[in-house]
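Chemist: From just these sequences and the hints, can you work out the full model?
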Amino acid sequence: DAKTTQPPSMDCAEGRAANLPCNHSTISGNEYVYWYRQIHSQGPQYIIHGLKNNETNEMASLIITEDRKSSTLILPHATLRDTAVYYCIVRVAIATDKLIFGTGTRLQVFP
Amino acid sequence: NAGVTQTPKFRILKIGQSMTLQCTQDMNHNYMYWYRQDPGMGLKLIYYSVGAGITDKGEVPNGYNVSRSTTEDFPLRLELAAPSQTSVYFCATSRTNYGYTFGSGTRLTVV
Numbered sequence: 001d002a003k004t005t006q007p008p009s010m011d012c013a014e015g016r017a018a019n020l021p022c023n024h025s026t027i028s029g030n031e032y033v034y035w036y037r038q039i040h041s042q043g044p045q046y047i048i049h050g051l052k053n054n055e056t057n058e059m060a061s062l063i064i065t066e067d068r069k070s071s072t073l074i075l076p077h078a079t080l081r082d083t084a085v086y087y088c089i090v091r092v093a094i095a096t097d098k099l100i101f102g103t104g105t106r107l108q109v110f111p
Numbered sequence: 001n002a003g004v005t006q007t008p009k010f011r012i013l014k015i016g017q018s019m020t021l022q023c024t025q026d027m028n029h030n031y032m033y034w035y036r037q038d039p040g041m042g043l044k045l046i047y048y049s050v051g052a053g054i055t056d057k058g059e060v061p062n063g064y065n066v067s068r069s070t071t072e073d074f075p076l077r078l079e080l081a082a083p084s085q086t087s088v089y090f091c092a093t094s095r096t097n098y099g100y101t102f103g104s105g106t107r108l109t110v111v
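Protein chains in written order, with the numbering used here: chain A, 1 to 111; chain B, 1 to 111.
Any given hint could turn out to be false.
The list that follows gives simulated cross-link-like pairs (lysine to any residue, SDA-like), each with its CA atoms no further than 20 angstroms apart [stated by the list, open to error]:
no., chain 1, residue 1, chain 2, residue 2
1, A, 98, B, 67
2, A, 98, B, 60
3, B, 57, A, 102
4, A, 3, B, 40
5, A, 98, B, 50
6, A, 98, B, 45
7, A, 98, B, 49
8, A, 98, B, 52
9, B, 57, A, 39
10, A, 98, A, 26
11, B, 9, B, 77
12, A, 98, B, 30
13, A, 98, B, 95
14, B, 57, B, 42
15, B, 14, B, 67
16, A, 3, B, 110
17, B, 44, A, 39
18, B, 14, B, 62
19, A, 98, B, 55
20, B, 44, A, 8
21, A, 98, B, 53
22, B, 9, B, 44
23, B, 44, A, 102
24, A, 98, B, 29
25, B, 44, A, 103
In case anyone wonders, no lab produced these hints; they're calculated from the structure.
Modeler: Right under this line is the structure:
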């Protein structure tokens with residue numbers, strides 16, 4: 001079973017920041033937080049991952065609370081093309097620890 | 001550099017027929033995975049492989065078989081197709097501590 005809890009859906013106005021929360025209260029010390037998104041029916045796309053420090057890349061920022069029990073993915077300036085299902089996943093950062101997907105958050109960006 | 005290539009993109013099978021879904025990668029990743037995604041649901045892991053000659057079951061392996069004779073190829077075999085196997089199938093690859101790369105999917109309908 002997925003180890004994370006996400007709201008089923010969120011809306012965001014174009015150009016505004018989209019803040020997607022994720023609860024992972026049972027996360028272990030060696031587990032990372034990964035974020036993926038799936039646009040329409042395409043294959044999921046990797047966004048970002050982190051262990052305990054905040055992370056930023058060209059797509060998004062990841063904020064992890066100090067106790068690591070929750071995190072927030074931030075899309076700083078959402079566009080219509082960011083409309084997708086966003087998955088928050090926790091896993092050990094070795095390839096033999098598989099990605100286990102939950103149902104994610106459906107983000108709708110509106111004009 | 002094509003990444004992960006899946007064929008075919010679409011297929012309709014009759015109940016009891018067999019088929020092989022092809023997955024090929026050119027990134028020299030050791031780890032490969034097969035997922036299925038039912039409508040409105042997250043992805044479920046079917047089988048995975050940590051290298052040529054090594055495969056293991058995921059969450060939903062029943063009704064499927066895999067083989068991994070080379071690093072590049074990881075075919076998924078359906079022996080006796082059933083309506084419950086109607087789904088979208090995604091192949092993915094990864095290497096340690098990096099994100100997964102997914103193919104564009106195969107949409108299978110069993111009638």
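Chemist: Decide, hint by hint, whether the structure agrees.
Modeler: For each hint, the structure was consulted:
1. Between residue 98(A) and residue 67(B) the alpha-carbon distance is near 18 angstroms, which keeps this suggested pair within the 20 angstroms criterion.
2. With a CA separation close to 13 angstroms, the supplied pair residue 98(A) and residue 60(B) stays within the 20 angstroms bound.
3. For the proposed pair residue 57(B) and residue 102(A), the alpha carbon gap of about 19 angstroms is at most 20 angstroms, so the pair holds.
4. At most 20 angstroms may separate the alpha-carbon atoms for a hinted pair to count; residue 3(A) and residue 40(B) meet this at roughly 19 angstroms.
5. Note on residue 98(A) and residue 50(B): the hinted pairing holds, with a Cα-Cα distance of about 11 angstroms set against a maximum of 20 angstroms.
6. Simply put, residue 98(A) and residue 45(B) have alpha-carbon atoms about 8 angstroms apart, close enough for the 20 angstroms limit, and the pair holds.
7. At most 20 angstroms may separate the alpha-carbon atoms for a hinted pair to count; residue 98(A) and residue 49(B) meet this at roughly 11 angstroms.
8. Proposed proximity of residue 98(A) and residue 52(B) is supported: the alpha carbons are some 18 angstroms apart, at most 20 angstroms.
9. For the hint pairing residue 57(B) with residue 39(A), the CA-to-CA distance comes to about 27 angstroms; that exceeds 20 angstroms, so the pair is violated.
10. With a CA separation close to 17 angstroms, the supplied pair residue 98(A) and residue 26(A) stays within the 20 angstroms bound.
11. Between residue 9(B) and residue 77(B), the direct Cα distance comes to roughly 15 angstroms. Compliance with the 20 angstroms bound is thereby established for this hinted pair.
12. Between residue 98(A) and residue 30(B) the alpha-carbon distance is near 14 angstroms, which keeps this suggested pair within the 20 angstroms criterion.
13. Under the criterion of a C-alpha separation no larger than 20 angstroms, the hint pairing residue 98(A) with residue 95(B) is consistent with the structure, at around 12 angstroms.
14. This hinted pair checks out: residue 57(B) and residue 42(B) have alpha carbons roughly 18 angstroms apart, not beyond 20 angstroms.
15. Only pairs whose Cα atoms come within 20 angstroms are accepted, and residue 14(B) paired with residue 67(B) is rejected, the gap being roughly 24 angstroms.
16. Distance check on the hinted pair: residue 3(A) and residue 110(B) sit about 32 angstroms apart at the alpha-carbon level, beyond 20 angstroms; violated.
17. For a cut-off of 20 angstroms, the pair hint linking residue 44(B) to residue 39(A) stands: about 17 angstroms separates their Cα positions.
18. For the hint linking residue 14(B) to residue 62(B), the alpha-carbon distance of about 18 angstroms falls within 20 angstroms, and the restraint holds.
19. The straight-line distance between the Cα atoms of residue 98(A) and residue 55(B) is roughly 13 angstroms, inside the 20 angstroms bound, and the hint therefore holds.
20. Straight-line distance between C-alpha atoms of residue 44(B) and residue 8(A) comes to about 18 angstroms, which keeps the hinted pair within the 20 angstroms bound.
21. Restraint check for residue 98(A) and residue 53(B): the C-alpha separation of about 18 angstroms stays at or below 20 angstroms, so the hint holds.
22. With a C-alpha separation of about 19 angstroms, the suggested pairing of residue 9(B) with residue 44(B) holds against the 20 angstroms cut-off.
23. For the hint pairing residue 44(B) with residue 102(A), the CA-to-CA distance comes to about 9 angstroms; that is within 20 angstroms, so the pair holds.
24. Distance check on the hinted pair: residue 98(A) and residue 29(B) sit about 15 angstroms apart at the alpha-carbon level, within 20 angstroms; holds.
25. Between residue 44(B) and residue 103(A) the CA atoms are separated by roughly 11 angstroms; this keeps the pair inside 20 angstroms, and the hint holds.
When each numbered hint is compared with the structure, violations occur for hints 9, 15, 16.
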